[in-house]
Structure formats: C-alpha cells, structure tokens
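Trainee: Sequence:
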Amino acid sequence: MDISNKIILLENTLKEFSDLEKKGLDTSSLKIFIKNLKTFEKIQKSRDLKFANKISFEDKLELIKSFLEDKKVFPRIKDLIDFTNSELELGFKDQKESRALTIQRIIGRIQKRPGLKDKVKYAVNKIRNEIMHMENQKIDNKELSKIESFAKWAEILSNL
18 MDISNKIILL ENTLKEFSDL EKKGLDTSSL KIFIKNLKTF EKIQKSRDLK FANKISFEDK
78 LELIKSFLED KKVFPRIKDL IDFTNSELEL GFKDQKESRA LTIQRIIGRI QKRPGLKDKV
138 KYAVNKIRNE IMHMENQKID NKELSKIESF AKWAEILSNL
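Okay, so the sequence shown: first residue is 18 according to the working numbering, each after it adds one.
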C-alpha cells in the first residue's frame, strides 16, 4: 500500500469520526498528521523525480507552514513568535490570536518578502546544529523529540 492509499484511508477514517467530533472528540492531531503525510508525499515524489528545484513557491510556502504548525518544534504560540522575531526579524508582539492566525500572518509576510523563505531554512539548520551540539548531555524525552523534529525539518527545508 503506497502513501496515497494510506492518506485516503486516513481521510476516510477522519470522516467516520465526524459524529464523535461533533460530540467533542479532538481530531486536530489526526488532521495535522494527514497534512504532514501529504507534505511528506510531495517531498518524496519531488526527490524521486529529482525536481526539488522545481517546487512551486506555493508548495514551498506549504512546507514552511507545515513546519510552523509542528507542535513538537513549537509547543506554544510564544515559542513560534520568539522564533519569528529572533530568526526572521518580523517584530511580532505577544499575540492573543490563535496559532492558525499567527501562522497565517507569518506566511503572509513570507509571501511579501520571499527572501524570508531562505532565512527560515538557515534558521532551522542553525538551531538544529546548536541543539545537536549542546554541552549538556542530559536530554529528556521532550528535548529529544524536539531535536529529532528539527533534524527532520532541516533536511526537508534544505531542498527549498
């Protein structure tokens, strides 16, 4: 079974949960997983076809959006805002808006200034390298998960 069929299966499963979702079941993690799986599929196809340089700007923005939505990398909105302020120099203030709206604003600024796309790529590599070379060798599971996520995203975004 290839990834496309698994995505279809997961989307059908998500539809089956719609009644439970109306009763309060939180399916947001499954939705994000499906979205990340679709992004992964795009990346794999582009690697297989060796067209990584021909990914459209919109697809690149989708990859960046998926990175910003990763809760392992940015567990809190404040972490996301701190990243954009320190690495992308966007000057966001503490926001009361939702995570989705904050990400939408960040993507909007990247659309206006395409050079920020490269800044995201370099920032992720820089942070990954800093985390990997920390002197403190006592790493808990949460930090390990964050390190693995940054490593994964650094590899994905390096092809942009």
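A couple of the hints might just be wrong.
What the hints assert, rightly or not - Each pair of labels, with its calculated beta carbon distance range:
1) S21 / R130: 31 to 39 Å
2) K32 / P131: 21 to 29 Å
3) G132 / G41: 22 to 30 Å
4) K52 / R122: 31 to 39 Å
5) S21 / S175: 36 to 44 Å
6) Q121 / N29: 26 to 34 Å
The hints are simulated quantities; they were obtained by calculation from the structure and are not laboratory data.
Don't be surprised by glycine CBs; every beta carbon is placed ideally from N, CA and C.
Trainee: In ascending order, which of the hints set out earlier in this document are inconsistent with the structure?
Mentor: Checked against the structure, the hints that fail are numbers 2, 3, 4 and 5, while the rest are satisfied.
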